[in-house]
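Participant: If you count by my numbering, then the sequence shown holds residues 24 to 202, one letter each, in order.
Hints in this document: simulated from the structure, not taken from any laboratory.
It cannot be assumed that every hint is accurate.
Said to hold, decoys possible - Okay, the calculated beta carbon distance ranges per label pair:
(1) A86 to G126: 34 to 42 Å
(2) R57 to R87: 21 to 29 Å
(3) E184 to G88: 40 to 48 Å
(4) D152 to E47: 37 to 45 Å
(5) R87 to R118: 19 to 27 Å
(6) R87 to E184: 17 to 25 Å
(7) A48 to G165: 38 to 46 Å
(8) V156 to V187: 22 to 30 Å
(9) F136 to R191: 18 to 26 Å
(10) V156 to G40: 35 to 43 Å
(11) R191 to G126: 17 to 25 Å
(12) A48 to V107: 18 to 26 Å
(13) E184 to T89: 37 to 45 Å
(14) T141 to A86: 16 to 24 Å
In this text the structure is predicted, and so the values were computed from the model without any measurement.
Glycine included, C-beta positions come from ideal geometry on N, C-alpha and C.
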Amino acid sequence: TDAELPPDAGALYLGGGYPELHAEALFINLPLRRAIRAFAAAGGPVYAECGGLMYLSEALVDARGTRHIMVGLVPGTSQMRERVTLGYREVEALRNSPIARAGQRVRGHEFHFSVLDTPPAAPAYRRVDGEEVEGIVCGPRGNVLASYIHVHFGTDPRLAEQLVGSARSFGSRALTPAR
């Protein structure tokens, strides 16, 4: 129900959840959707996993087929389906993002009943066990990472350090007066 982001936010971490159960409330909160878009446009690091990816997409189609406009940072529509995607994942970052550097391995899991209908133009990861790509890195400076993978930060503490470093770097730019 918040209408704005904290003024001193250095990064956004949008975790998993079930946005399809709250899609109408998320749609109605236009001030927050605008604030998230403005934060990303200013270069703020945004990390979203699973439900966070769905929220950052252009729209969410719930199980009843109702379309809800979402934030619009990630191209495409997340659509609910009956089949679950479930499993552990090990992926390799294809490009730099707020949490990982290109070539870095990331471990986590997926658990979701939705699909994103648009293949990512700039995929975030390649699965280590094959050629399948996952997630998207977007934003004006590659500052937005959204994926269905719930990252297990304990498998590589550098991932959390890099997210904090991204926040610190953005926060210092945001607090530096323009000359």
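Participant: Next step is simple, just say for each hint if it's right about the structure.
Facilitator: To see whether the hints hold, each was checked on the structure:
no.: 1; hint: A86 to G126: 34 to 42 Å; in the structure: holds (38 Å)
no.: 2; hint: R57 to R87: 21 to 29 Å; in the structure: holds (26 Å)
no.: 3; hint: E184 to G88: 40 to 48 Å; in the structure: holds (42 Å)
no.: 4; hint: D152 to E47: 37 to 45 Å; in the structure: holds (38 Å)
no.: 5; hint: R87 to R118: 19 to 27 Å; in the structure: violated (36 Å)
no.: 6; hint: R87 to E184: 17 to 25 Å; in the structure: violated (42 Å)
no.: 7; hint: A48 to G165: 38 to 46 Å; in the structure: violated (30 Å)
no.: 8; hint: V156 to V187: 22 to 30 Å; in the structure: holds (27 Å)
no.: 9; hint: F136 to R191: 18 to 26 Å; in the structure: violated (36 Å)
no.: 10; hint: V156 to G40: 35 to 43 Å; in the structure: violated (24 Å)
no.: 11; hint: R191 to G126: 17 to 25 Å; in the structure: holds (23 Å)
no.: 12; hint: A48 to V107: 18 to 26 Å; in the structure: holds (24 Å)
no.: 13; hint: E184 to T89: 37 to 45 Å; in the structure: holds (41 Å)
no.: 14; hint: T141 to A86: 16 to 24 Å; in the structure: holds (20 Å)
Violation of the numbered hints given earlier is confined to hints 5, 6, 7, 9, 10; the remaining hints are satisfied by the structure.
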